[in-house]
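Colleague: Please construct the entire structure, taking both the sequences and the accompanying hints into account.
Chains A and B, in that order, give the protein sequences.
Residue numbering for the first sequence follows my numbering, starting at 1 and increasing by one per position.
Residue numbering for the second sequence follows my numbering, starting at 1 and increasing by one per position.
If you are wondering where the hints come from, they were derived from the structure by calculation, not from laboratory data.
Where hints are given, some of them may not hold.
Here are the in silico distance ranges between beta carbons for each label pair [as the list claims (entries may be wrong)]:
1. Trp132(B) - Ser162(A): 26 to 36 Å
2. Pro131(B) - Ala123(A): 53 to 63 Å
3. Thr67(A) - Gly37(B): 27 to 37 Å
4. Arg94(A) - Leu111(B): 25 to 35 Å
5. Leu11(A) - Leu111(B): 55 to 65 Å
6. Arg94(A) - Gly37(B): 27 to 37 Å
7. Asp58(A) - Pro131(B): 18 to 28 Å
Reference listing, derived: stretches of chain B covered by chain A, where coverage requires no fewer than 3 residues with Cβ under 8 Å from a Cβ of chain A [said to hold, decoys possible]:
8. 118-125
9. 136-143
Since this is a predicted model, take the numbers as computed values, not measurements.
All C-beta atoms in this analysis are idealised placements derived from N, C-alpha and C, irrespective of residue type, glycine included.
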Amino acid sequence: MSFEIHIERRLGEANIALSLASDGGVTALFGPSGAGKSSVLNMVAGLLRPDKGRIAVDGVLLFDDATGLNLAPEQRRAGYVFQDGRLFPHKRVRDNLLYGWRLVSPESRWMTLDQAIDFLGIAHLLDRWPRSLSGGEAQRVAIGRALLSGPRFLLMDEPLSSLDAARREEILRVIERVRDELKLPILYVSHDQAEVERLASTIVPLHPKA
Amino acid sequence: MTAAEWEIITLSLKVSGVAVLLTMPIAFALAWLLARGRFPGKIILDALVHLPLVLPPVVTGWLLLIAFGNNGPVGRWLAQWLGFTFMFSWTGAALAAAIMALPLMVRAMRLSIEAVDPRLEAAARTLGASPWRSFLTITLPLARPGLLAGAVLGFARSIGEFGATITFVSNIPGETQTIPLAIYGALQLPGNEAAVTRLAIIAVALSLGALIISEWLARRSGLGKGGHVL
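Modeller: Here it is in structure tokens:
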């Protein structure tokens with residue numbers, strides 16, 4: 001099992017409840033906005049605490065309310081690609097890419113800066129500031145930053161939503177290569193059916209509940 | 001410029017410098033609490049921090065006198081256990097300047113902390129940063145222009161401090177007589193127009209210089225639009 005997620009969380013008026021178990025590849029959380037898809041990713045990343053339940057990835061327990069286990073985000077080794085990129089505005093692209101790489105222990109790294117640059121085709125961006133990047137460039141850097149932090153799995157929150165059609169295709173291909181060449185389990189959030197059907201081996205619908 | 005005037009200027013710089021340096025960590029902690037904290041009584045803390053901004057300075061000076069005077073609760077303790085007193089000393093002038101500068105410093109720092117997107121800190125956490133490292137590498141550098149602005153505004157405010165200082169530690173040449181107190185003293189006697197003019201020009205130059213330096217530093221920090229402090 002790559003993702004085993006059984007969680008409940010009340011957020012204001014909404015109730016998020018999800019139970020899924022999936023094998024490798026891309027697991028897509030699919031549903032309209034407001035269904036709590038991003039909150040699920042935040043709970044897997046350790047940024048939001050579920051009210052109850054259990055989260056494990058590749059057999060490693062990240063959260064379990066029965067035993068009180070709740071790993072801090074920095075201990076979960078999640079490569080989180082955010083909808084809005086969230087590049088650090090005060091660091092150049094190179095230092096954004098290396099932020100997580102410098103923090104992770106050397107034996108946990110599985111990619112070098114040069115490999116990430118080749119993989120994503122971003123060599124020409126290294127000395128740029130994030131604010132000078134286009135949406136597609138920023139998203140490739142964000143993916144590179146996540147890969148370089150030596151993650152055990154990836155969380156992707158609508159990584160295509162801020163891009164035009166041509167850039168979407170380009171980033172989709174990058175994500176397919178991450179899936180097929182790097183064989184990382186990916187939990188992928190989207191409201192776009194075509195995107196989800198193209199990428200995912202497991203599709204989990206998520207609906208807003210009262 | 002006479003030797004006595006130079007002494008007044010260096011004393012003013014010393015008083016304001018010490019006031020700002022010692023207030024920085026306190027102002028930052030208060031700014032952090034007000035920007036990020038959620039606790040009962042926050043509105044009261046907010047009001048207390050801002051009190052010196054709206055209170056007549058003479059009242060602030062009088063309150064300092066009551067608390068830190070040699071018979072005051074804090075002053076008596078300091079004198080008894082540390083043999084230290086703020087009374088009639090430049091350290092008292094620095095304390096008064098610090099209290100008066102605190103609201104401006106907290107305001108500027110609070111705005112700069114509020115301008116840092118907590119989602120960037122969350123991103124740093126997922127990349128392996130502890131809360132402390134995320135603070136040092138993300139929050140602090142992004143808030144830096146506002147922190148600098150706060151320090152420089154506090155410095156300018158300290159240079160101009162008058163009412164609380166003269167009430168708390170009097171107007172003693174060479175000890176507590178900063179630029180505004182010296183101007184006030186000189187105005188009490190006829191024939192000092194030239195000295196008053198020179199000191200007033202210095203006061204304007206220091207205040208203006210402080211504001212320009214803060215803007216320059218903020219622009220240099222490479223943060224684009226967010227770098228402005230004025």
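Colleague: Check the structure against each numbered hint from earlier and tell me which ones fail, lowest number first.
Modeller: Those not satisfied are hints 2, 5.
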